[in-house]
Amino acid sequence: MKSKNKLNIIIIVSCFANAFLFSSCKKDFLNLRPYDKVSADVAISNVSDMQAAVSGAYNALESVNLYGRTLPLYGDLVADNVIISSTNSNRYLDFFQINYTIANGNAQGVWQSAYTTILRANNVINSTLSGTTQIDQLRGEAQAIRALMYFELVKHFAKAYTTDPNGLGVPIILEYDPTVKPTRNTTVEVYGQIEKDLAEAATLMTEDKSSGFFTKYAAKGLLAKIYLFKGEWDKALAAAEDVINNSGYTLLELSDVLSYWDNNTDRNDGVESLFDVVFDANSTIANSSLAYFYDQNGYGDALAAESLYNLYSSTDVRRDLIVVGSSVRGPNSKVVNKYPNAGSPDKDETPVLRMSEIYLIASEAAYHMNDEAKALTYLNAVAEERDATFAGYSSTGAAVLDDILLERRKELAFEGQRYWDLVRNNLDVVRVNLAGNYAGNVPLTLPVNDFHRIFPIPQVELDANPNIRDQQNAGY
Amino acid sequence: MKKFTLSFVFSLITLLSVAQTRTIRGKIVDKAGLPVANVSVTVKGNPQGVSTEQDGTFTLTVPGDTKTLIVSSVGYGDQEVALGSSSTIDVVLAQQEKQLEAVLVVAYGEQSSRKITGAIGRVQGKEVENIPLPSVDQMLQGKVAGLQSVSPSGQPGSFQEIRIRGIGSINASSSPLFVIDGIPVTTGDFSGATNSSNLLAGLNPNDIENISVLKDAASASIYGSRAANGVILITTKKGRSGKTKIRVDAETGSNDIAFFPDLAKPLNKEEFRQLTTEGILNVGGAQTDVNDYLDALGYNSTANYNWLDLVKRNGQQQQVNISASGGDAKTQFFLSGGYFKQQSTIIGSDFKRYSTNLSIQHQANKRLTIGANLNMSTFHQQGESESANFRNPIIAAFALLPVQEAYNPDGTPNYDPNVFFQIFNPLAIRKYDRLSDQTSKLLGSVNAELKVLDNLKLSTRYGIDYSNIEEATYYNPFFGDFSSNDPATTGYIYNRYNRIFNYVWTNLASYSFHAMQENIQGKITAGYEVQKSQLLTEDGSGNGLPLTTSVVYPSPVTPLTPTYFGSDYAFGSLLSNAEVDYLNKYVLSASVRRDGSSRFGDNNRYGTFWSVGAAWNISEEKFMQKLKAISLLKLRASYGVNGNAGIGNYDWRATYQYAGTYNGLPAAQPDNVGNFNLTWEQNKPLDIGLEVGLFDNRISIEADYYKRITDHLLLNEPLSSTSGFPSFNNNIGAMENKGIELTLNATPVKTRNFTWSISLIGSWNKNKVTRLREGQTEIRTLPYLIRIGEDVQSIFTRLWAGADPQTGDPLWYVDETKKETTSDFSKANRAIIGSASPKGFGSVSTSLAYKFISLDAQFNYQYGNYIYDQWGFLYTGDGAFAYLNHNRKALQRWQKPGDITQVPRYDNSNATNSNTTSSRYFYKGDYIRLRNLTLGFNLPDNVVKKIGLTKLNFYLRGTNLWTKAFDKNITIDPEEQINGTSDLQFFNARSYTAGINIQL
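Chain order of the listed sequences is A and B. Position 243 (the first sequence) corresponds to 242 in numbering that gives the first Met the number 0; numbering is contiguous. Position 432 (the second sequence) corresponds to 431 in numbering that gives the first Met the number 0; numbering is contiguous.
Just chain A, with the same shape it has in the complex:
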């Protein structure tokens, strides 16, 4: 009998002991963490975390809404370089037809993906880590990425700095706050933030990893472009010449042009590429890639405009980047072949900044500073490396600027640049309807006063953010 009581007591005691144990460790018991994720507040705790977070920011640039497809396409499609074939998959027709509304999914995609990238960059920039060159480098890369995104946002959603610097820009968000309901900053404020980020990034960065990552001179080159967009010619020339003279990067030579564009990996040789968004075999872009949109075995919807093709002389190597004839779209179609790796798991990189453009920036800035000789020197440095028989531009006066813009159009075609050259120079888009390129309800002009020159603030943003509702771009 005694032993039974003992047993009973043991059971009672152990029950209650366990109750006590349970309640004392309850907090941990219920604090379960995901197996494949980390808490955001401790996600960037050391330099390895920081590296992964910066990779995350670069990874966001691969989005189809950004350098995956939309950005490098829009600048040519809405201008006069690229057309959508009548045989198409219904993608980007609204851009081609210059007919978009506040519900436009592609414009919304740019807005959302750019801010997603900015969040990823902000978290790196705002991390408490500091003190090593590696950390400085990573923070610098994140700042350059942030600057790049604000540049794209302010280009697409705000009037050009050169026409309305104090107009509505885009909201500047530098810290993560999910409840934020911002109003729009002015364009000049946005450019100020971009310059600040790029200047700091150029100071912080000391490593040159490859063309797939931002470097000191990539940041400086981007800064040159920012000054160009602002019309601050002296600063633009100084920054561009800093890159040309001090970066050690060289201009793409004639003999290498075709192999350069055939290549689908990032470069380490200091030739031409200042910054590319890298797509490798692990990227998930697949059939949403820019290359697939041009490839006639892919969607193949987009073709080079006849008027652009005709600009290249038969000896211009860049004409070979356009192939005549498509089995799907007819023997006279001009098929863009600048990105020939659509069929490979490792897709083409999207060029963001390269030396040829830096030379052309220097040329344009020099022209505006009334240094025609220098302008022609930089211009011909590029032009003569594209055509063995070309004797060089020798124009004078306003014709120099025309030549610079022409060379930019030819050199930077299919890289989403053309439209912005027109916009920052306050020029109409004029499409030349050769070979029925602009049939049906496709407009032949996009004049400077048309509200479609910039995107609408997306409907979803207006819905979620009452503070921005009365700041919609005019016309939408």
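Just so you know, not all the hints are guaranteed correct.
[What the hints assert, rightly or not] Which chain B residues stay away from chain A? Per the calculated CB distances, all over 12 Å, these:
hint : residue
1    : Asn-170
2    : Glu-270
3    : Gln-317
4    : Gln-624
5    : Ser-720
6    : Thr-949
[To be verified] If you anchor each label on the Cβ, the simulated ranges turn out as follows:
hint : chain 1 : residue 1 : chain 2 : residue 2 : range
7    : B       : Asn-417   : A       : Asn-45    : 58 to 64 Å
8    : B       : Glu-789   : A       : Thr-86    : 41 to 47 Å
9    : B       : Pro-558   : A       : Asp-35    : 18 to 24 Å
Rather than coming from a laboratory, the hints here were simulated on the basis of the structure. No experiment lies behind these values; they were computed from the predicted model shown. From the three backbone atoms N, C-alpha and C, an ideal C-beta is built for every residue, glycine too.
Since chain A is already given, all that's left is putting chain B on it; use the hints.
Chain B only, in chain A's frame:
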């Protein structure tokens, strides 16, 4: 020497026991002289005893000096019986209570029915025994008022959907919590590679003693944050002391398709030729175009197949269950083994289960009882893709043409891609591919109960619920979804392993008390419960399979990256319930539970859930005593708050995930906003019930009115995209369900030889969405619509107006006024045409027993909902998919001016949008179905005894023998999944089984 000592000791013990005990045999009968089974017989002062057999007999060994026995039974109370010198004793039970009072399994215990204040549906184990369905949840339709249970697929062992008192959520779970023998178990579908798998299919329904369905606050709120969608308590069989009973159940049968309307049948060769000819001429083609087109399809061959006939079959099924139960006064056991095998009505779709069950209870001493349950099973499922997969045999049955050659000259299935250029030959898929899973399941628990005082009990139970699902898929390298010309990539093998481990530990103390000379009785239970569940998934796959199908696990040329996934959740809870009654007339109950869960955000980690309930047994009142006809009159009401924790495990956390790469480097990025306030959805159920028994409960009625208001529904709340996120999950929506439930049982005839009883069950529920996020009035998930003020499953689609009698063009109504029609698709506006949720559903059952023959029937019915033939646009598309076969409905097409028909002109490659989603593809879901018809032969006891058995029954059973669908245009089985959408699933089966039960 040793041997001698041993046998000496043994003899001595025998002698002593003979000297000290005596054996009493007896029989216990009621006033009518009928034997009463399961009466407990004990020696006074010692709780150890035995229970009576079916024939009322018992045998009990008692100490020699025993003077008094206690016989006690539910509904009769305790009765003392003086023991004389005789070793046999017959006892007539004096009926103490007015009627036999049932004891129901309730949350964390048992309760006599009069003391219950909540709404509880009850299903007896024998109602789910020997039913030709693999899992118990499939058997509940029509058994409990307010409970809707439907199969999304006819694949045996697939997932079942259950809704109790309507749909209570938009984005979180709407499924009830299952508790088996006190353990909240993991249920649902954890398959990833195969179609669907139901963890409950691991539980052999023949091992179930009873089921309680907890529907309201008073009964369910004690389960706290997991009670909102109702709770289903399953109690498995336990042993009883007495003679060891051995029972064998065996049945065999076959099945075919339960319901297949003529209109859904595919066209034969000639009909399709005729339609295509017409279709090409209608779009301006010539007869030569017709010939060319038909030849290209294969009309120049002699092939002529009915693909439906090729994929369907008469499925075979068997089950055998053997159990043994018994024990003595101290130890009782139940053990069983089962085998269940079923083929579905479609080739290659099979299910097989092996199960065992073991239960032991042991009384260690007067105060301590210990026990264990162990339920182990493994089941194997072989299936095929459903939905619009080109490999789905159902789409093949509907859409392959009779002229597509099924076989090669040597008799093997033909898979020539020129013949099967889109939808694959299902016979070849069957022969060369494999989609299978095997689930092993273990549900075990140990428990102990200690009577500290006569009125204070402590109990503990530790249970584990372990499942692992191994899925194996194989896609051949010759043809099909994964074949290519490159030997390095052709074919695909994908294997997946899932492990779910769930443990629960419950500790309770319960204290009974009484006051005022026992006029007031009460009980308080309090305790705590902890539970943790972990899921682990691993998979591996590869391309480039060897060109042979004889290797089960081929080694792929190109192995693909394996993936690993893990996830877990935990609950920690304090709980208490109490009830007190005065003279069994007035009952008050209350419960409270404090739940903490890892699923809830930091700011809302713990929640308190409660209920209050009251019951008034009016028939106990003095003023009722004169009304002899009324044997039971009870009014009850309850109200409370509970929750729905069926939300994502880590949704509240702000996280970074490691996903993707950049330029060869791993990338991390914020992937979830996090919401520290994120919490359970809240449910506030009100229930008022009335129970009436007439003429000694020959007629009993139970009626309930309920209204449950669900708040804090999880919805996506949009964020300014400038934050980097488009939206986050927040508790913002609300809806309500209200309805009436009615259960009527009556036994119009009850004589010595003949009994006739009937049962009616009806449920009527009305759902209304009452709040979405601020500024939002509706969420469109076409063709469904969630709109404030409307049913959560409203159907929002264009209104079909048939074919234009003059032209045969499709017509739609412009809007819901149905005044104006248009053939311009863009002018046809959408409107709400109804809901996928039924207005009412239930069953009508009847049971006849004459001498040793019995006949049971159960009809299920449902009405007021719409079902959707989602893929009708393919095979009733008026030629839109001209190269696919059409169903016989297409024969009703418009042919000449003046034709009045719902089906427009047949145009080859029809581009009129006539087959775009519209009310045309929705049908009324009203049906009556003969769910069960059983003819039983229970051999008379005297016959059975002569052959040395206790019991011997035979039965013939038909399931889904007859179906009446009230919409004459219907093309699909009206018993659809909850959202009413047909997804080319395997068909519901009609089955015929014959079985035998033997009891030794």
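Inset, instruction - Provide an ascending list of the numbers of those earlier hints which the structure does not satisfy. - result: 5
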